[in-house]
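Peer 1: Spelled out from the first residue to the last, the chains are:
Number of protein chains: 2
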Amino acid sequence: MNDKKIVIALDAMGGDNAPGEICKGALLACQKYDDIEIILTGDTEKIKPCLESHPRIHIEHASEIIDPDEHPANAIRKKKDSSLRVAMEMVRRGEAQGCVSAGSTGAIVAGGVLVVGRLPGIDRPALGVPIPSVEKTSFMLDVGATVRCKPENLLQFALMGSIYSHKVMKVANPEVKLLSNGTEEIKGDDTVLGARELIEKKNSLNFGGYIEGNEVVAGHADVIVCDGFNGNIALKLGEGIMQSLKGLLTDEVKSSFMAKAGMLLLAPVVKKLWARFNYEQYGGSALLGVNGAVIKAHGRSKSPAVLSAISVARNFIKEDGNELISREL
Amino acid sequence: MNDKKIVIALDAMGGDNAPGEICKGALLACQKYDDIEIILTGDTEKIKPCLESHPRIHIEHASEIIDPDEHPANAIRKKKDSSLRVAMEMVRRGEAQGCVSAGSTGAIVAGGVLVVGRLPGIDRPALGVPIPSVEKTSFMLDVGATVRCKPENLLQFALMGSIYSHKVMKVANPEVKLLSNGTEEIKGDDTVLGARELIEKKNSLNFGGYIEGNEVVAGHADVIVCDGFNGNIALKLGEGIMQSLKGLLTDEVKSSFMAKAGMLLLAPVVKKLWARFNYEQYGGSALLGVNGAVIKAHGRSKSPAVLSAISVARNFIKEDGNELISREL
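Chains U and R, in that order, are what the protein sequence lines are.
Read in order, the letters of the first sequence correspond to residues 23 to 351 in my numbering.
Read in order, the letters of the second sequence correspond to residues 23 to 351 in my numbering.
Only chain U is shown next, with the shape it has when bound in the complex (with noise of 0.2 Å):
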């Protein structure tokens, strides 16, 4: 579809700074990609203001919003009229092949089972994420979409990783890793010990084993495969010691003068490695196994953080990741 011009429905009312950072950001979409065409979804007259014209923009008004504190699947069951919904239902109609929202990541899996629909033999979704690493940055599957997982699953993640690292992250022979306990064989749970006898079956993956929770950050796999329940922890764990570390540091540096000094000259050092690590910066998580390209931003996107978000569900749908993945399954 190299040719066709991508339509991608943007929830204009979800995340922290909606909707103004969202329109600058499909603005800023617009302007970069000749073959986009944006739908914004929510509050006619809330977006109109934020919104600077262009041929390639377009409002679809929606007149609820959900609220990161609702009940996901019941919000997106209740709230047929929310901007998020909206969005997922031109996905769904065939009238945008992608979705991206700030909103409630659980929001948006619910609606992306529910409304979108999964893909035609995938039995759940996953939410992969890019993870930084010292090497290079991995891809890691499921974040939270499907708590705990059957081995077919998680061979199912597997495949669509592979195909994301791939396809999106321009990964030649992306590596895939099993989440475990240890490196070694007799390591794992039931479930861990089922898939890796499932994907070492699969001779389109080139599979690595496991991968113990230190080599995560090393950056020893391209794709880092587990249950959303582990992902989520690992995910949050790794976000939480990031901002520790930079409270610890910021509140010692203040007690000394030497400290402050000695910040200032290793200001640019610290401010790289922060940037590297910085979650946010890295343009969305796509919710994988549903029937189009769905791209949640961070809640705290500002306009080139959807911008990138909107860029990650333009390539999955340049690059027919969801036509691959079938053909995989």
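What the hints contain is simulated information worked out from the structure, not anything from laboratory work.
Only a predicted model underlies this, so the values are computations on that prediction, with no experimental measurement involved.
Possibly wrong hints are sitting among the right ones.
Put simply, identical chains are the same to the list, so a pair is met inside one copy or across any two.
Stated by the list, open to error - PhoX-like, lysine-lysine: derived pairs with alpha carbons at most 20 Å apart:
| id | residue 1 | residue 2 |
| --- | --- | --- |
| 1 | 258 | 224 |
| 2 | 158 | 268 |
| 3 | 192 | 324 |
| 4 | 293 | 268 |
| 5 | 189 | 224 |
| 6 | 324 | 340 |
| 7 | 268 | 294 |
| 8 | 276 | 293 |
| 9 | 100 | 276 |
| 10 | 102 | 268 |
| 11 | 293 | 282 |
| 12 | 282 | 294 |
| 13 | 293 | 324 |
| 14 | 223 | 324 |
Got chain U; can you put chain R on it based on the hints?
Peer 2: Same frame as chain U, but now just chain R:
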């Protein structure tokens, strides 16, 4: 048992710095505490040259060593004259109340179950470890003894962790939380949900609900309960992030004179933070649920860490930790 002598069997051959640093640690402990007696287990010929003689340090000869690469349970079963098994047999026979080893974690867990034996009423043991955090030092269990758990196991871990936090770490009314993929009550998989129900009913526990990954390092709980699979991944992930940051910082600083100067000025702060999050200083993890005080010192332990692990065993014995656990069950 406050007046009685405390006998601790110490595996002289376990860990990277055995037997030299282990022997030194034994001496430090006997110099610090009047009430302990230490039996070093291992190759007499190798121990003697390292050991300064002390009236309360003895040697129990053991001809074999368990290698870190061996299958833990097989090694414990077959190597009947290994330094670790001989130490654990002393606990089983009641000749020592506790046992300390810097050897393979897997072998210590296997020996705890197969040689020392489980406490009556405990189905599965848990390995607990102090986790440094911003506000306090939390106690996390299980970090690798029981890979997957039933709700009943997690309840038992909560009880054991609470007693350990109170008696050994001296926390008044420790708050216990369950590691989960969110703090809302609807989060968690079936096991965690089931455990939550059981723990809520236990009046003796100060239960605070769920804790998320990002709150672990912030120190939002005194005791963090999880299964051995998640705990192992979380612990190793934290260690890996610290190691990676240290490596990246060192590399970056090398590349600029300004940064080098800044790092010199900042050195005391970085050292302080590093020491705070350096897991090795925390004196050893406790194998709870077995019929004795079984403490695992870090594999890289030098004499102060060996002393620290012995202190932990001594405290647990002095406070009648296992007596209290049995009474709670």
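Peer 1: With 20 Å as the alpha-carbon cut-off, assign the pair residue 100 and residue 276 to within, between, both or neither.
Peer 2: neither (50 Å within a copy, 57 Å between copies)
Peer 1: What label fits residue 324 with residue 340 when the C-alpha limit is 20 Å: within, between, both, or neither?
Peer 2: neither (24 Å within a copy, 57 Å between copies)
Peer 1: Is it within, between, both, or neither for residue 189 and residue 224, if the alpha carbons may be no more than 20 Å apart?
Peer 2: So residue 189 and residue 224 pass the 20 Å test inside one copy only (19 Å; across, 52 Å).
Peer 1: Between copies, within a copy, both or neither: which fits residue 158 and residue 268 at Cα up to 20 Å?
Peer 2: Classified as between; 17 Å across copies, 22 Å inside a copy.
Peer 1: For residue 293 and residue 282, with the copy left unspecified, which applies at a CA distance of at most 20 Å: within, between, both, or neither?
Peer 2: Both: 15 Å inside a copy, 15 Å across copies.
Peer 1: If the cut is 20 Å between Cα atoms, do residue 276 and residue 293 qualify within a copy, between copies, both or neither?
Peer 2: Cα proximity of residue 276 and residue 293: in one copy and across copies (17 Å, 16 Å).
Peer 1: Are the CA atoms of residue 258 and residue 224 at most 20 Å apart within a copy, between copies, both, or neither?
Peer 2: neither (31 Å within a copy, 29 Å between copies)
Peer 1: Between copies, within a copy, both or neither: which fits residue 268 and residue 294 at Cα up to 20 Å?
Peer 2: Both: 13 Å inside a copy, 14 Å across copies.
Peer 1: Quick one: residue 223 to residue 324, C-alpha cut-off 20 Å, is that within a copy, between copies, both, or neither?
Peer 2: neither (43 Å within a copy, 45 Å between copies)
Peer 1: Is it within, between, both, or neither for residue 102 and residue 268, if the alpha carbons may be no more than 20 Å apart?
Peer 2: neither (41 Å within a copy, 50 Å between copies)
Peer 1: Please work out whether the CA atoms of residue 282 and residue 294 approach to 20 Å or closer within one copy, between two copies, in both situations, or in neither?
Peer 2: Close inside one copy (18 Å) and across copies (15 Å); limit 20 Å.
Peer 1: Tell me, please, which holds for residue 192 and residue 324 at an alpha-carbon limit of 20 Å: within, between, both or neither?
Peer 2: neither (25 Å within a copy, 46 Å between copies)
In the structure shown, a violation is registered for the earlier hints numbered 1, 3, 6, 9, 10, 14, in ascending order.
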